[in-house]
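**Student:** What follows is each chain in one-letter form.
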Amino acid sequence: MTTENLPVPVLEVHDLVRHYRLPRESLFAEPGHVFALNGVTFEIHKGKSFGIVGESGCGKSTLARNVMALEPTDAGSVKILGKEVVGLSFDQLRPLRQHFQMVFQDPYGSLDPHHNVGRIVAEPLAALGAISKTERENRVRDVLQSVGLKPQDISKYPHEFSGGQRQRIAIARALITHPELIVADEPVSALDVSVQAQVLNLLKDLQDEFGVTYMFISHDLAVVEYLCDEVAVMYLGEIVEKGQTEDLFSSPAHPYTRILLDAVPKPGAGKKRERIKLQGNVTGQTERRIGCAFQDRCPMAKDVCREVKPPLSPVAPDHLAACHFSDSVMKDGL
Amino acid sequence: MSLLDVKDLSVILSTSEGPARAVRNLNFRLNRGETLGIVGESGCGKSMAALALMGLLPEQSETVGEITFDGQNLLDKTDAEMCQIRGNRLAMIFQEPMTSLNPVHTVGHQIMEPLRLHRNMSDNQAKSETIRLLDRVGIPNPKERVDNYPHQLSGGQRQRVMIAIALSCQPDILIADEPTTALDVTIQDQILELIHTLVREEGMALILISHDLGVISENTDNILVMYGGSAVETGGTEQIFDELIHPYTQGLFAAMPKLGRARSGRLVTIPGTVPDLISLPSGCTFTDRCPLATDMCRNTPPPAIEVTANHFASCHHIDAARNRKTEELFS
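In the order they appear, the protein sequences are chains A and B. So for the first sequence, the working numbering puts the first residue at 1; every next one is plus one. So for the second sequence, the working numbering puts the first residue at 1; every next one is plus one.
For the record, the hints were derived by calculation from the structure and aren't laboratory data. Just to be clear, a hint being listed does not mean it is correct.
Among the chain A residues that face chain B by a calculated CB cut under 8 Å, a handful are [to be verified]:
{"hint": "1", "residue": "ASP192"}
{"hint": "2", "residue": "SER194"}
{"hint": "3", "residue": "GLN198"}
{"hint": "4", "residue": "GLU225"}
{"hint": "5", "residue": "GLY268"}
The C-beta atom is built at its ideal place from N, Cα and C for all residues, glycine as well.
Next comes chain B alone, as it looks inside the complex (with noise of 0.2 Å):
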């Protein structure tokens, strides 16, 4: 059995100009010590499911499927239950290191507090296991650190001690949601890195969400690709990036601008706009802007079809995405 299943999720969230399908039939598995990439650009859904699954939606959401974990539907918990789950067992760290610590409390106050709540320690033993953490994940001076603000680090040490309360409770599942969006490359490969060898280290799953093909491609084992709430690629990183499938994967690669290309040419262009959740096609959400969507894409949802083993693709037309090279597909 996974550790964690994840069966038919979607979430719903209740707009003023009506339901959004945020996240739909969404299906994965996760092994401990398994790394897992969801790639997808902004308002694909990949926050909103990583959010259901720590059970931190906006109230006017509604949540269905299964989200099994250890055994256990996550979705059936109360939400003392999820208190004593969340932070303990299931871990995140979130995009914005500046904006997601609290200024007005230390560092080591806010690492702290998973410790004493979840771990039952005493402040003398929280405040030694905090600085052992604060070490851990590569801050200089723990002592002195430990009793600084927020707004006393720098913004690659401010993620560090958000991975540090993720890890306070050694957490089975550490999600990770753009931990690097908002830093420096140079701050970045730190940060990956350090994510990584924690991971390999304590023997975690990792889930990591990012919008950047390159940081997917070098972390993780799995990856889900999602566009418009639902998953239009799935399977191993290699095989993935071996041949990819989707139109939508492939115009994402191709967009990409990529080092060493130079200027040859143009970037290949996906037409359009990430759609509106709220006015989806019934059938596949990338309708609108597929070059090979037909009257069926538009009403029937397409079937996850396994191309080669465990790698899938929802496509409708699979063959003709395959046959058409990507700057064809979108030329």
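Chain A extracted, bound-state conformation (with noise of 0.2 Å):
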């Protein structure tokens, strides 16, 4: 990334650590954790879409909870326009959010029933400190045309919209404080493909017009691939991949990368591909492990990968990788 040009970037997130203390097991046993995630770094630019994909239980939504500031974190800073959030009381964070919102995964448990439409997108508002009716009203009217809803709908209720209406009213809710950054776990998981269609064309339009940075969260790489300018991929709690999206699908330099963009289906691709195939899930989110963390699913591992953790080091401009055999993945693939 150049950042020369550059002023601050609008988040940066360095060495972020948060592990659950699971409930104790006896008396005397120390209590588990689960390490959800183990030390995170990285940053993202005004205007630009950060892209981060895994598998269930890789820390992705816990990583979006950190960066919201929706729950302690054990160690590491998040700065969000070069403002350090870790650590501030929720008073102090309060004014913060009008700078950095997010929107859920699922439309229909997101926005509260017995709301009406209007109620709901103005409720980030609150944020801002007083304001007046009538400049309420024209930002709600407002950030409901820019998502697409007409005025008439601020009187309507959530059971009254489809699936694709709902994640639109969670869009403009995330909208209308402005906000510098916004987080998306999952935006359009929930959807059918031909309104997926329309979100994501609508998350682009957003950008283009508001200049919006977006940390977006899913487990589809194709739509990964579609909206985000840069990629991070994660195992276990850690990035093992980062780079700009068009380097990283065309020449991934992680096994797991690899395997992942492999297990896609593919429309019309003819009949059953080749492909190497991941024994098992993710598990071992309860130990500390020495090594690399995908060691236990990884088809190249040898002993080196058991006893030395591969740091995430750069294997192209921009491109980094954690593996320590990512110049063979990128030249022979695996």
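Reconstruct the complex from the two isolated chains, following the hints.
**Tutor:** Spelled out as structure tokens, the structure:
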């Protein structure tokens, strides 16, 4: 990433760590931990989209909650527009929240069914302090228009809308404070294909119009490829590969990325492809391990992978991977 | 004679706002060893069609038409007779492995249930058969896992247990309704591979229902594309992906973000949303969203036209749809 001509990044995450304590199994034993985030570092520049992909249990949603300061962080730093948010109290955070907003996965669960659209969308404005009623109404009307809803929708209730329209309401709610950063956790995975395309195009248009920055979490690699400028692949609470979308998708340098890309079924590609299949699922969140996080499922794991943890190091310009064998993965595949 | 022959199947659900035609005039055949994919978005009637085959529709519903399975019309069967067939000769894998298993019984108990019921096994026989089945679907340590409760298994393993239950009586037809939608891509890969292997080795027929064109394209011989309760396009998988004809199929394919396309331009969108089944147009169900629609489309149901051998599309404007590529069709 060329940083010379760019101002402060919108989001800087440095060595973020989050461990959850498990309940004690016996009175005398030390309680176990879920190691959800083990030192995640990345930054997002203004007007860019940063995608985070990985299987369930890799820590993507924990990362989103920590970036949004929705739960205490164990260690590390999260800077939004250059301002540290880790360790701030609720009251200190509140005026800052207008700069970072979130869109959730489930458009049915994330809107309060008792409130009408006008009230739902206007709610984040409370963080701005007192504003006049007319100003509030104007902003609600403007933001609804920019996501493609009609002014008369203001007095309707969530149940009167389809899934795609609800997600538009959720996006409008996130946009109303004119945030710099929107964290979107699987915003289109609950939607139908034809509606998903509408919402993805909307997200792109809003970025062109308002210059918002997205941190976009998804398990769908094709969606991430479509929307994001940069991508990070997570596994067991760590970033195992990071780079520009085009580079990372065309020449993945980590075996896990390669396997994930291979696993996506492709329409019209004829019959079954030959590919490496991944055995088992993500396990090992509760143990501290020596060596590479991916060693148990990696088809090319050698002794060194079990002893030495590979650092996230450059394999090409703007392209980092954490694998001892990234050169051969890039050149010859698996 | 086909193993399964569905003729003019319609399902009408009575709702508080009036009758909803969830499935209308569906026709298809399935032979032993064949795989049929049913693809469509939510509300297109694909799950209702599957439930109609299984005789599991909600009570306030009416099914008309014919479902001939092995020479017998399933719609004429009494509840007791259906109980003999369901789970035994027709088995189904449901979408949500999290909620379709009973949380208060061990997985062993749930797999043993159809074995005792349909194959009259003793407890001991059923238990050893259960362990064999768990091993067959690729669950490690089946002897210990048999006494686990569903919450002790991961999502992929729960779906494997569902498959074990479906397989327990060696059904003739396996219906898999979105079997991998709730799973990660890598686990999806494993489960689809497992279903594929089992179908081939046991000689079953498979009906695979999915909204994902990728999943359908890689795992089926024939495809049925549904929209608003009716089949809009049917044919061999290769044929359909060679040439998508119906405007809806074209739009659905174009709207999907595809790997390797990078960020080349915008996604094609189909305007509007999936129709409300209560107020469908009397003609073609896609009328309100179709760029080619005319008055004829709204009022007259389109006939299924055979484009090439065994490849049918139901559209009044087939030539126009074929001549205009997707990008133009929806731009």
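**Student:** Identify every previously stated hint that the structure contradicts and give their numbers, smallest first.
**Tutor:** none
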